[in-house]
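Enquirer: Residues per chain, in single letters:
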Amino acid sequence: DLDGSHLVFMHSLPQLCKMANLRILVGVKRVIDYAVKIRVKPDSSGVVTDGVKHSMNPFCEIAMEEAVRLKEKKLAKEIIAVSCGPTQAQETIRTALAMGADRGVHVEVTGKEYENMTPLHVSKILAKLATDQEANLIILGKQSIDGDNNQTGQMTAALLDWPQATFASELTKENDHLKVVREIDGGLETIKVTLPAVITADLRLNEPRYATLPNIMKAKKKKIAKHKAADFGVDLASTVKVVSVEDPPVRQAGQKVESTEELVAKLKESGVI
Amino acid sequence: MAHQRLPVTIGHFRQYLALINNGSGCLHRTVSSYTQVHAKYCPIQYQSSRRFGLLSRSMQKEEPELTSVRYNVQRGNFARISSEDVAVFEKLLPGRVIADPEELVGYNTDWLRMCRGNSQLLLRPKTTEEISEIMKYCNAHNLAVMPQGGNTGLVGGSVPVFDEIIISTSLMNKIISVDEISGTLVCQAGCVLEALNTHLSDLGLMMPLDLGAKGSCQIGGNISTNAGGLRLMRYGSLHGSVLGLEVVQADGTVLDCLSTLRKDNTGYDLKQLFIGSEGTLGIVTSVSILCPRKPQSINLAILGVSNFENCLKALKEAKGMLGEILSAFEFMDSPCIDLVKANLQLTNPISDMPFYVLIETAGSNGTHDEEKLNLFLEKVLGEGIVEDGTVATDSTKIQSIWAIRERLAEALLHDGYVYKYDISLPLANFYDLVIDMRERVNDIATRTVAYGHLGDGNLHLNITSPTYDHELLEKIEPFIYEWTSRYNGSISAEHGLGFKKKDFIHFSK
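In order, the protein sequence lines correspond to chains W and A.
Take the first sequence: its position 131, counted from the start at 1, is 131 in our numbering, and no numbers get skipped.
Take the second sequence: its position 465, counted from the start at 1, is 738 in our numbering, and no numbers get skipped.
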């Protein structure tokens, strides 16, 4: 004679085991700091990065924060932070570790290969890494503030044949799926995705925490495994060629006029009326 | 009419002193005319002044009372503006003479909304020559003037008391030159500090001072008040960084001390007199200032400390271990965090603690700085000097953490009326004043907060109440000045005397 409560109990035990079983892979990218004034290289081949302040991509921070919150809610048991880039990318991984990731993976990509790296390369690396590490949730920022491609999350999901919930502004775990509220042009869309899945974080998903000093100290002792792209069977040959990078056109200064007559005269002069 | 550009000599210096002693001409704020104020705030006056309306910073933004009414000061024997005078100014500065009372409200009221003058005329010159002409005319016709920059002063020194003609330097905002190698900037007095920083930043330089009001304050005003700010501990005071000044004296004479030389020991260094003279000796029109290189790497740590003694220990360790990369050391007590949480909805980046210190490092090598900072943090955390904290390296986080400290003055205004004190004290007795004051006024004040440039021994003690409360003021003054005097402190470390503190100078000098 099972009443409702017993039924719930019998279902929830295996659910509980599954719930704390999330192993989350979070991608964190090292980009030029948000507040820095960007300068284009004189040869138009790209932007100046030497000696310029870099930090974690703001959307990656939000992704990382969401993963930590899931762990605090006891829905995740491990968070792995991964970054593809030169040696300095390790600083970004350390920041992720200070925020609450358990261990890091640094895929070392340098020089020309780094300059030519595209979201497709990154998603291939992430897909293989997720399989190797047996991750069942990937959380990425929706886009990086340097590339602004908004492709990595979607491509990773396709390569893994996992469902994707992009531009997430709210994430709730319900039994064996995730309920995600997405920010779309028309407003907010709520969808359910089964696990494993790929989520990309949008601005309003959360407000990233400040890493506390004790955690910053602890992060120094956490492990960062070093790899090369080849370890994941990924060829970094460039598939896209950047032809040129230019400054946007300089905004023309406005003109102030003293009277309506002058305004009309100027408008006539410029051929507008 | 050719203005006189006089070389700097002792003779002219003597002439200057004579002008002040006469109390004549249109030297603003000659002390004589204001010493006729009642000796202390007469209780009877205040009973009547309360009728004139509340001073609270309500949502309707009511006008504060006229300074002349509230503080019952007597107008000096200056002439009144006539339509002929206005015509002369109109001819001199076409389109830049403002007489509309509504437009003048902002210029007449100070940032703290505690002092309001009754000026009827605002002049907006663009060049030193124009200021010289204005001063010549005013001097000849016994018209009082009020030089005004960004109007961000905190002692009522930037607004008129009566109907003085306001001379605004806002349109004098040209940057004349920047020498990238020596770091020398020459500009007009009306340049906004933040604008100068933005311009310099492209050249890898920065201004040697920084304060919360940087978005509005002008360099001429900063110099006239010897502004201190957040980075004095690293770059020194303006007495050291100003290389030269061009000043227009009361009679219109232009004093050209606008040198760009770092070292020049030929005769008396007259420009030093103008720095911090609050506009009493002349109007600063051009500035030559030494700018340090902009640091490549900036780190900001906010640390939670359990008692004031540990704040001082942290300061000692910071000076020792961070040494030359230390660029700011600020402290705040826990009521400050409550204040910004309540009034500005800012969040505390760390857990709630009795005290907080903000430590900023600035250097040319990120790796080197981080290593030093990490060693320092490990030590202070390990020895229990500091119990919590966070470090920010990316600009957005650095700005959010600085905002907590920089916006305290703004947050205080939301409480209503602020009793603002800026005291220099020996570090040993630093926080004792706050404890004593809090005990004294806790029953009638909304809150008492303390923060400041701990690295410079400069305390900002602020008490708030919903509206102006004379009883509360009586409890604070002269107790706070007497306390400060007992420990040989300064009753105005960096804010200056202005209108509000001119009568208390004897407590420190």
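Be careful, since some hints might not be right.
[Said to hold, decoys possible] Listed next, with one range per pair, are the computed distances between beta-carbon atoms:
hint: 1; chain 1: W; residue 1: VAL250; chain 2: A; residue 2: LEU444; range: 16 to 26 Å
hint: 2; chain 1: W; residue 1: PRO249; chain 2: A; residue 2: THR640; range: 45 to 55 Å
hint: 3; chain 1: A; residue 1: GLY596; chain 2: W; residue 2: GLU174; range: 38 to 48 Å
[Claimed, not checked] Some but not every residue of chain W turned toward chain A, in silico, with C-beta under 8 Å:
hint: 4; residue: ASP33
hint: 5; residue: TYR34
hint: 6; residue: ALA35
hint: 7; residue: ILE38
hint: 8; residue: GLY46
hint: 9; residue: THR49
hint: 10; residue: GLY51
hint: 11; residue: LYS53
hint: 12; residue: TYR210
hint: 13; residue: THR212
hint: 14; residue: ILE216
hint: 15; residue: MET217
These are computed hints drawn from the structure, not numbers from a lab.
Source: prediction; values computed, not measured.
Beta carbons: idealized from backbone N, C-alpha and C, even for Gly.
Enquirer: For this structure, which hints from the list above don't hold up?
Expert: Hints 2, 3, 7, 8, 9 contradicted; others consistent.
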